[in-house]
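Asks: The primary structure of each chain is shown beneath.
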Amino acid sequence: MSALAALIRRDIRIALRVGGGALIGVLFFLTVTVLMPFAVGPDLALLSRLGPAILWLGALLASLLTLDRLFAADHEDGSLDLIVMSRTPLELACAAKALAHWIAAGLPLIIATPVLGLLLNLDGTATLAVAATLLAGTPALTFTGMIGAALAVTLHRGGLLLAVLVLPLSIPVLIFGVAASQAAISGPLLFGTPFSILCALSLASLVIGPFAAAASLRHGLD
Amino acid sequence: MKLTETLNDLANPTRFLALTARTLPWLAGVTAILLAIGLYQSAMAPDDYQQGATVKIMFIHVPNAWLSMFVWGVMSVAALGTLVWRHPLADVAAKAAAPIGAAFTFLALVTGSLWGRPMWGTYWEWDARLTSVLILFLMYLGLMALWRAVEDPSRAARAAAVLTLVGAINIPIIKFSVDWWNTLHQPSSVLRMGGSTLDKAFLWPLLVMAIAFSLLFITLHLAAMRNEILRRRVRSLQMMQASRVAFTSEAAAGPKEIGAA
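In order, the protein sequences belong to chains A and B.
So for the first sequence, our numbering puts the first residue at 221; every next one is plus one.
So for the second sequence, our numbering puts the first residue at 71; every next one is plus one.
Since the hints were made in silico from the structure, they are not lab data.
Any given hint could turn out to be false.
[What the hints assert, rightly or not] Computed beta-carbon distance windows for the label pairs:
#, chain 1, residue 1, chain 2, residue 2, range
1, A, L380, B, Q308, 27 to 33 Å
2, B, L89, A, R237, 44 to 50 Å
3, A, A259, B, R218, 30 to 36 Å
4, A, G344, B, W194, 20 to 26 Å
5, B, R218, A, A226, 36 to 42 Å
6, A, S306, B, R303, 58 to 64 Å
7, B, A106, A, L312, 56 to 62 Å
8, B, M310, A, L312, 38 to 44 Å
9, B, D249, A, L410, 15 to 21 Å
10, B, E320, A, L312, 27 to 33 Å
11, B, D117, A, G407, 55 to 61 Å
Built from N, CA and C at the ideal position, the CB exists for glycine as well.
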């Protein structure tokens with residue numbers, strides 16, 4: 221247990237220090253959101269209608285961007301081999317790494333959401349709804365993305381291949397995340413229905429992600 | 071017991087090559103005959119009272135759509151074979167199936183969209199079925215990209231196996247989530263089988279075509295597996311030759327270097 225806590229602490233510390241790059245994700249999120257009004261025009265009514273979708277897309281792309289480093293940095297300096305060979309089960313170590321990654325790179329996105337919601341003309345309820353759905357949904361993005369990160373590190377290919385593999389897997393999360401936000405803002409539907417499915421997706425990926433990532437690390441590293 | 075013995079026998083690629091060399095002509099022949107019968111029956115099938123002659127697209131479209139999912143199932147079994155039983159032919163089977171599955175999915179999309187133009191008035195509709203098949207197509211392409219990204223086939227096989235299994239879990243989720251997403255935004259679904267169950271005049275040609283297309287897949291798959299095995303042999307022969315050339319040139323230049331060191 222203490223080994224896992226140490227792993228989480230170490231990963232968060234590395235991510236937040238110079239060269240860690242967790243906060244670059246937030247900057248990317250901000251930039252993508254600012255780009256959108258240039259693309260669709262500065263019509264405030266339109267922006268508030270598209271707002272949840274823009275924020276979700278931005279968060280999805282930002283989490284994808286930072287996933288690349290989840291295993292790659294550890295692979296470069298050799299600590300990934302130590303983690304694979306250690307007595308702690310690799311599945312738990314993967315889950316701990318993903319949790320640390322989510323705390324360092326996912327939580328700042330959610331904290332930044334209210335500011336970005338202001339830029340997109342979202343009112344209080346809408347911003348709160350988007351933040352709540354991001355809080356429930358980004359773990360699913362991190363934990364399914366971890367599978368892609370593990371595959372990419374065993375193949376010594378990152379970047380574009382990772383994006384191509386991970387994005388189709390994140391479609392259900394995007395659908396239910398945006399659906400829940402829309403339901404809270406305008407929809408005839410209850411907020412709870414898509415939101416609970418979103419939570420279910422997160423919980424399922426919490427189980428599947430570590431096992432698949434550990435399997436691909438175990439089979440892929442040599 | 072019998073099945074595992076047969077599978078173990080097939081682990082020897084030479085035996086597999088010999089077996090498929092004998093069975094492939096027969097399979098191809100039966101496929102051709104069934105396809106001919108199916109196409110003839112489809113051509114002879116009566117026109118639909120609403121859709122007219124365009125209903126005949128169904129006889130191509132439905133088998134393709136069915137196979138697009140069946141091939142992912144075959145790849146998932148092969149992925150289990152790679153990860154769990156380490157069957158040497160499982161890698162080959164998985165790799166050979168991916169492009170064929172992508173082709174069937176692509177044909178299902180194209181024929182569906184050609185059918186949709188006269189029936190719905192549009193080539194593409196963000197309908198649940200269409201969208202989930204499109205995502206399936208993207209996942210096939212991603213898998214093929216993964217196969218192509220790595221030079222070492224066995225390393226690529228294990229990575230592709232993990233992705234195939236994750237995809238197999240994800241496909242039903244995508245299917246249902248897209249269904250759900252669709253009902254949110256579009257009040258009525260367009261894709262229905264005319265409201266009634268299929269008449270026998272349509273059902274028989276469709277069944278024959280489905281069997282013919284499945285046999286077509288098996289034939290193509292076995293042929294592609296043969297090609298892949300032969301390609302790997304050529305690759306390892308080339309590597310051996312290259313290392314022999316390197317070794318002899320090293321041996322010729324070797325003593326001097328050692329002397330210099």
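Asks: Give a verdict on every hint.
Replies: Evaluation of the provided hints:
| no. | hint | verdict |
| --- | --- | --- |
| 1 | A:L380 with B:Q308: 27 to 33 Å | holds (29 Å) |
| 2 | B:L89 with A:R237: 44 to 50 Å | violated (60 Å) |
| 3 | A:A259 with B:R218: 30 to 36 Å | holds (32 Å) |
| 4 | A:G344 with B:W194: 20 to 26 Å | violated (38 Å) |
| 5 | B:R218 with A:A226: 36 to 42 Å | holds (39 Å) |
| 6 | A:S306 with B:R303: 58 to 64 Å | violated (40 Å) |
| 7 | B:A106 with A:L312: 56 to 62 Å | holds (58 Å) |
| 8 | B:M310 with A:L312: 38 to 44 Å | holds (43 Å) |
| 9 | B:D249 with A:L410: 15 to 21 Å | holds (18 Å) |
| 10 | B:E320 with A:L312: 27 to 33 Å | violated (47 Å) |
| 11 | B:D117 with A:G407: 55 to 61 Å | violated (43 Å) |
Of the numbered hints listed earlier, those contradicted by the structure are 2, 4, 6, 10 and 11.
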